[in-house]
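Once you've looked at the hints, dock chain B against the given chain A.
Protein chains: 2
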Amino acid sequence: MSILKYNIEDILSLEQRKRATLINTLSGFKSANLIGTISETGLTNLCMISSVVHVGSDPPLLGFIIRPITVTRHTYENILSTREFTINHVNTKIFKQAHQTSARYERISEFEACGLTEEFTSSGKAPFVKESHIKIRLSLAHEIPIELNGTQLLIGKITEVIIPENIFSEDGFMDIEKAETITISGLDTYHKTTKLARLSYAKPYKKLTEING
Amino acid sequence: MSILKYNIEDILSLEQRKRATLINTLSGFKSANLIGTISETGLTNLCMISSVVHVGSDPPLLGFIIRPITVTRHTYENILSTREFTINHVNTKIFKQAHQTSARYERISEFEACGLTEEFTSSGKAPFVKESHIKIRLSLAHEIPIELNGTQLLIGKITEVIIPENIFSEDGFMDIEKAETITISGLDTYHKTTKLARLSYAKPYKKLTEING
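So the protein lines, in turn, are chains A and B. By this note's numbering, the letter at position 16 of the first sequence is numbered 19, and the numbering carries on one by one without gaps. By this note's numbering, the letter at position 191 of the second sequence is numbered 194, and the numbering carries on one by one without gaps.
Careful: at least some of the hints might be erroneous.
Copies of one chain are not kept apart here, so a pair can be met inside one copy or by any two copies together.
The calculated SDA-like cross-link candidates involving lysine to any residue, where the alpha carbons are at most 20 Å apart (straight line), are [as the list claims (entries may be wrong)]:
| id | residue 1 | residue 2 |
| --- | --- | --- |
| 1 | Lys96 | Glu80 |
| 2 | Lys96 | Ala200 |
| 3 | Lys195 | Ala182 |
| 4 | Lys209 | Glu115 |
| 5 | Lys210 | Pro167 |
| 6 | Lys21 | Leu46 |
| 7 | Lys181 | Leu199 |
| 8 | Lys198 | Asn94 |
| 9 | Lys8 | Phe171 |
| 10 | Lys128 | Thr44 |
| 11 | Lys133 | Arg70 |
| 12 | Lys21 | Asp174 |
| 13 | Lys209 | Arg110 |
| 14 | Lys195 | Thr95 |
No lab work stands behind these hints: they were computed from the structure.
Bound conformation, chain A alone (with noise of 0.2 Å):
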């Protein structure tokens, strides 16, 4: 098998958009979420992300990287001024429509767009997406500038979860793939998962065995 070396020269002289579906990359498998926000004027908005990582569990935070000024800017704007956002996981039979919110709509909310149903809850104002099985809702707990390229950390506190309970164990485990959760590469890359093992907690010098469910 023949390897390739890119040292940060050749990286640099890639052409623009081929820099960007090789950088996209490398960071390997990403989350496939959709971000549900809404305008003070009321006009909701769906934006999908792959950037959404674990901050923390206590207190429970995820954030995610977005720039202001691209498509997505009004799922900006929208979490800045009403300070709340949702997650939803991309499943299997959605993520062609997932991948449409991506486009550059401006006066029309991508859930009429792209076929995608909003749900409203009582706890927020910010839509769900009714055909997401998994769905969080957070307000915005911290604006992070990254000034390296523009970019800004999001970071939401959550404040609702909901989640079929066919999924859900009872020691906290939550089976994503039985959700039919689906995962990216790159920028437009879609996958389905199969479960390799569950591992038990490491100590060293102690054999890791496999967890049922």
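Here is chain B on its own, set in the frame of chain A:
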């Protein structure tokens, strides 16, 4: 299908370990990477991280969230003192060894303790994982404290990329599934993937097509 709804009070009242398991699963599928570092005295360290995230392509930046006071302390100290680290994709062949690096080893390198092989190149000091198929060297570019919970977002600038030629297409697309890269859910569950589709660039009112390759 029954639906569970948790509000913030329900979540905070869960037993600590159960809450951590639940919250760690909510972001969706996560990248599975080994962070390679070396101390100033020459002891290597290897650490499983599931929070590596794409920060930007221009300049090429990857970041990850680290909690300086836990088992990742050596990784954190090594990166601060040497200003560099490697990111190595975990694959189907090495996920058990990778999981084992999360045990708390003290005076021994996780490479030796977990049965993985150090690989050095001339472009820096931090070790790659020989058994990994996709390897990236980075120099520390920014360290951002997240005051909400005492974690840090460490951002590195890519300086070297090593990938197999046969997974790489002309347009920059990398088939990480072919490189046997895996994904994680929650704290301890490993999954391989099956491609559903690669989709065309989304534009308003234009039907998506599938891209081959």
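Here is how each hint holds up against the structure:
Taking the closest pair of Cα atoms, Lys96 and Glu80 never come within 20 Å of each other, the shortest separation being 29 Å inside a single copy and 44 Å across copies. For the homomeric pair Lys96 and Ala200, the shortest alpha-carbon distance between copies (12 Å) is at most 20 Å, but the shortest distance inside one copy (25 Å) is not. Taking the closest pair of Cα atoms, Lys195 and Ala182 come within 20 Å of each other both inside a single copy (11 Å) and across two copies (16 Å). Taking CA atoms no more than 20 Å apart as the test, Lys209 paired with Glu115 passes between copies only; the shortest distance there is 15 Å, against 54 Å inside one copy.
In this assembly of identical chains, Lys210 and Pro167 lie within 20 Å of each other by CA distance neither inside one copy nor across copies; the values are 33 Å within and 32 Å between. With identical chains, the CA atoms of Lys21 and Leu46 are never at most 20 Å apart, being 35 Å at best within one copy and 37 Å at best between copies. Taking the shortest Cα distances, Lys181 and Leu199 sit within 20 Å of each other both inside one copy (14 Å) and across copies (16 Å). Taking identical chains as interchangeable, the C-alpha atoms of Lys198 and Asn94 lie at most 20 Å apart whether they share a chain (16 Å) or sit on different chains (13 Å).
In this assembly of identical chains, Lys8 and Phe171 lie within 20 Å of each other by CA distance solely across copies; the values are 12 Å between and 43 Å within a copy. For a Cα distance limit of 20 Å, the shortest separation of Lys128 from Thr44 inside one copy, 12 Å, qualifies, whereas the shortest one across copies, 54 Å, does not. For a Cα distance limit of 20 Å, the shortest separation of Lys133 from Arg70 qualifies neither inside one copy, at 26 Å, nor across copies, at 35 Å. For the homomeric pair Lys21 and Asp174, the shortest alpha-carbon distance between copies (5 Å) is at most 20 Å, but the shortest distance inside one copy (44 Å) is not.
With identical chains, the CA atoms of Lys209 and Arg110 are at most 20 Å apart between copies only, with a shortest distance of 17 Å across copies and 59 Å within one. In this assembly of identical chains, the alpha carbons of Lys195 and Thr95 lie at most 20 Å apart whether taken from the same copy (7 Å) or from different copies (16 Å).
When each numbered hint is compared with the structure, violations occur for hints 1, 5, 6 and 11.
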